[in-house]
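Chemist: The residues making up each chain are set out below.
2 protein chains.
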Amino acid sequence: MAAEGGEKWILTVTAQTPTNIAVIKYWGKRDEDLILPINDSISVTLDPDHLCTTTSVAVSPSFTHDRMWLNGKEVSLSGGRYQNCLRELRSRASDFEDEKKGIKITKKDWEKLHVHVVSYNNFPTAAGLASSAAGLACLVFSLAKLMNVKEDHSKLSAIARQGSGSACRSLYGGFVKWIMGKEQDGSDSIAVQLTDEKHWEDLVIIIAVVSSRQKETSSTSGMRETVETSELIKHRAQEVVPIRTIKMEEAIAKRDFPAFARLACADSNQFHAVCLDTLPLIFYMNDTSHKIISCVEKWNRHEGLPQVAYTFDAGPNAVLISHNRKAATLLLQRLLYYFPPQSDTDLDSYVIGDKTILKDAGIHEMKDVEALSPPPETKDNTQRNKGDVSYFICTRPGRGPIVLTDESRSLINPETGFPK
Amino acid sequence: MAAEGGEKWILTVTAQTPTNIAVIKYWGKRDEDLILPINDSISVTLDPDHLCTTTSVAVSPSFTHDRMWLNGKEVSLSGGRYQNCLRELRSRASDFEDEKKGIKITKKDWEKLHVHVVSYNNFPTAAGLASSAAGLACLVFSLAKLMNVKEDHSKLSAIARQGSGSACRSLYGGFVKWIMGKEQDGSDSIAVQLTDEKHWEDLVIIIAVVSSRQKETSSTSGMRETVETSELIKHRAQEVVPIRTIKMEEAIAKRDFPAFARLACADSNQFHAVCLDTLPLIFYMNDTSHKIISCVEKWNRHEGLPQVAYTFDAGPNAVLISHNRKAATLLLQRLLYYFPPQSDTDLDSYVIGDKTILKDAGIHEMKDVEALSPPPETKDNTQRNKGDVSYFICTRPGRGPIVLTDESRSLINPETGFPK
Numbered sequence: 001m002a003a004e005g006g007e008k009w010i011l012t013v014t015a016q017t018p019t020n021i022a023v024i025k026y027w028g029k030r031d032e033d034l035i036l037p038i039n040d041s042i043s044v045t046l047d048p049d050h051l052c053t054t055t056s057v058a059v060s061p062s063f064t065h066d067r068m069w070l071n072g073k074e075v076s077l078s079g080g081r082y083q084n085c086l087r088e089l090r091s092r093a094s095d096f097e098d099e100k101k102g103i104k105i106t107k108k109d110w111e112k113l114h115v116h117v118v119s120y121n122n123f124p125t126a127a128g129l130a131s132s133a134a135g136l137a138c139l140v141f142s143l144a145k146l147m148n149v150k151e152d153h154s155k156l157s158a159i160a161r162q163g164s165g166s167a168c169r170s171l172y173g174g175f176v177k178w179i180m181g182k183e184q185d186g187s188d189s190i191a192v193q194l195t196d197e198k199h200w201e202d203l204v205i206i207i208a209v210v211s212s213r214q215k216e217t218s219s220t221s222g223m224r225e226t227v228e229t230s231e232l233i234k235h236r237a238q239e240v241v242p243i244r245t246i247k248m249e250e251a252i253a254k255r256d257f258p259a260f261a262r263l264a265c266a267d268s269n270q271f272h273a274v275c276l277d278t279l280p281l282i283f284y285m286n287d288t289s290h291k292i293i294s295c296v297e298k299w300n301r302h303e304g305l306p307q308v309a310y311t312f313d314a315g316p317n318a319v320l321i322s323h324n325r326k327a328a329t330l331l332l333q334r335l336l337y338y339f340p341p342q343s344d345t346d347l348d349s350y351v352i353g354d355k356t357i358l359k360d361a362g363i364h365e366m367k368d369v370e371a372l373s374p375p376p377e378t379k380d381n382t383q384r385n386k387g388d389v390s391y392f393i394c395t396r397p398g399r400g401p402i403v404l405t406d407e408s409r410s411l412i413n414p415e416t417g418f419p420k
Numbered sequence: 001m002a003a004e005g006g007e008k009w010i011l012t013v014t015a016q017t018p019t020n021i022a023v024i025k026y027w028g029k030r031d032e033d034l035i036l037p038i039n040d041s042i043s044v045t046l047d048p049d050h051l052c053t054t055t056s057v058a059v060s061p062s063f064t065h066d067r068m069w070l071n072g073k074e075v076s077l078s079g080g081r082y083q084n085c086l087r088e089l090r091s092r093a094s095d096f097e098d099e100k101k102g103i104k105i106t107k108k109d110w111e112k113l114h115v116h117v118v119s120y121n122n123f124p125t126a127a128g129l130a131s132s133a134a135g136l137a138c139l140v141f142s143l144a145k146l147m148n149v150k151e152d153h154s155k156l157s158a159i160a161r162q163g164s165g166s167a168c169r170s171l172y173g174g175f176v177k178w179i180m181g182k183e184q185d186g187s188d189s190i191a192v193q194l195t196d197e198k199h200w201e202d203l204v205i206i207i208a209v210v211s212s213r214q215k216e217t218s219s220t221s222g223m224r225e226t227v228e229t230s231e232l233i234k235h236r237a238q239e240v241v242p243i244r245t246i247k248m249e250e251a252i253a254k255r256d257f258p259a260f261a262r263l264a265c266a267d268s269n270q271f272h273a274v275c276l277d278t279l280p281l282i283f284y285m286n287d288t289s290h291k292i293i294s295c296v297e298k299w300n301r302h303e304g305l306p307q308v309a310y311t312f313d314a315g316p317n318a319v320l321i322s323h324n325r326k327a328a329t330l331l332l333q334r335l336l337y338y339f340p341p342q343s344d345t346d347l348d349s350y351v352i353g354d355k356t357i358l359k360d361a362g363i364h365e366m367k368d369v370e371a372l373s374p375p376p377e378t379k380d381n382t383q384r385n386k387g388d389v390s391y392f393i394c395t396r397p398g399r400g401p402i403v404l405t406d407e408s409r410s411l412i413n414p415e416t417g418f419p420k
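Chains as they are written, first to last, in the UniProt record's numbering: chain A, 1 to 420; chain B, 1 to 420.
If you're looking for bench data, these hints aren't it; they were derived computationally from the structure.
Be a bit skeptical, because a hint or two may be false.
As the list claims (entries may be wrong) - Per label pair, the in silico range of CB-to-CB distance:
id, chain 1, residue 1, chain 2, residue 2, range
1, A, E183, B, V192, 48 to 54 Å
2, A, G304, B, G362, 57 to 63 Å
3, B, K247, A, G72, 50 to 56 Å
4, B, L305, A, V192, 47 to 53 Å
5, B, R301, A, T356, 48 to 54 Å
All residues carry an ideal CB built from backbone N, CA and C; glycine is no exception.
All chains should be built: construct the whole structure from the sequences, respecting the hints.
Modeler: Encoded structure:
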């Protein structure tokens, strides 16, 4: 292996992978180890400029075992899911040669060589924003590049799926479908791209990160309990989702926003419904989530046609998908009216991501938030719920994973092989 | 009609009818006018000493039209549901004669005579405690007595059902089943008693009346929207509830509390699940409801066997059914630990109904509430949620409707025929 003379070379790759949010939800596995779902799901990939994972991976004969650092802290790679991904990738690794650096790695060498993984999310890990989806997708994508794995993105998605189910959908930009597959070995349970991120460029996405004091049920144990105890989940998976998936694909293909919004909201609701139908019951939405839905529904009804769709994952955060920039501007005004920040919060950290929407909404400083008038669809003098939302992220549909060739963006010190 | 000479006689009847809480829920109609449900339901009747409606009805040739007063305010009887009940009762009225008072009313007279109805709930009407069930049942029961209707309680339940669906279950004490029926005219959609209130005397019921700021969806429009838009409700009504009803009847017959608790909780959860699966979605439970469920689930898990079952109707209030008095005492300590009253509330108005449970719990004054230690199943120092609950009602399974013969309890002035 390696170059002659036991040189301490280090080979690195850095990649960036987006997060995604399901508009037809994945909830329930038919195989816990391989992470095979009981229904298809569809997601929109979020712009990595605002929400993404950056991962640097390195290999060196000097590394003594596989190690990983996430957001500055070392984490264990011994979990079955990480191990499954590493094993799958190693078995698909190819010969690699860099004559200039004198590095030569054969397919067989990869079985013995150890890797270092350094990963960083540009958004809070604990905020319930599918950080594991972006993280596992980035781990698999960057290691595949490092190990010269020659499989296409769909094949890689089947590996990422074994790390974290929804990670498979982060291998593509735009709208992505995770096909549940039929095979027992999971080989056909892969993600495919429905449309790229240019197809429906009008969409604007605002995420409300909701303050939560309650401990949430992890999605892994939650979906297992739903499959074991809900009397409705089977009906959902077998009868409802197959039809809904076809309709959602049509709505996306035609950029039919009213149909898209109806389906996305209905499917988010149904996912939370089967959670409630679980014993012990699971609730992810809280009173603030409910207030956000009321705000959206009141406005949609007032306008006659849906201006915005909502969807909630396994937590209280709202993901609000606006028809276009105009609608997003009006939505942001409403959100800031109903959910102003605590007095000690500054606007710059309260609305993050694409801040141009804030400017379009005519909001430049905190007193503009205070001066907002109640939306016309509000009949009574609705309470402003200060502090119920931690912050908002303005974003849009975005691209799939990329390799970052600029070495200054690597998270690994090229001399030591450890985090910078 | 009446006695000779146009005498101004007034004939009155006063009755008391309990409220009831479903443990297998009614949600969804197959006929809106006749109020025919899409599934059977099962309820427990609550002790009228703590929650009931008292209604006095009067008839007199001097009354010029049908009038009703509820909790001191006149309300209109012109609604279709009241009219349906009045029409059905009048068509079944029989001859009545009181020789001493010189009153003679023939079957035909009832078509022309007008009635006055005065009704009073011994609990807050707006608290979401099935006041309409008790109210309509009492209206029908008391008018049936006044009009000498000779039908049995099951036949009367079919009339009360047309006033408010769940009212039909308030015609009996103990555990009651509303059989959905098959006939188009609703004649077989009636309530029957499963067991009387003596059968399972151990049960103790604590109701947490939860403070709510949000306007709730009325159950009438809510269930219509669920039937129209939920993809899960049909499966629930046709596949889940029929099996669950049989199991619940068995659990009640055998006084099998673990089975009873599991079924009651699961069915409450599923009712709220189909509400969430509605477009626009319906949420009745709030963060406080969720906290109460967590408290109950944590304790049940700690004990190994369920000590208490929870069920929620179309609102945030929790109805907690304890296995026995011991469990109720321990439950009340937990509830008062997690949900102490506001500082300006006195204990006497915070825990109402059967106050002996409070004494058994060793709580005599407010400082005993303050001094409560965290329950052993609480690992972390759980927050005490002051003010989240408005008050608690301690009660038990109770008897069906009765006529109150003591004239001093009549709500109608026997001289004027108007509210006292």
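Chemist: So, for every hint listed, does it hold in this structure?
Modeler: Comparing the hints with the structure gives:
1. Look at A:E183 against B:V192: about 52 Å separates their beta carbons, and that is inside 48 to 54 Å.
2. Look at A:G304 against B:G362: about 60 Å separates their beta carbons, and that is inside 57 to 63 Å.
3. In this structure the supplied range 50 to 56 Å holds for B:K247 paired with A:G72, their Cβ-Cβ distance being about 53 Å.
4. With their beta carbons about 49 Å apart, B:L305 and A:V192 fall inside the hinted range of 47 to 53 Å.
5. The hinted range of 48 to 54 Å is satisfied by B:R301 and A:T356, whose Cβ atoms lie roughly 50 Å apart.
Comparing the model with each numbered hint stated earlier shows that all of them hold.
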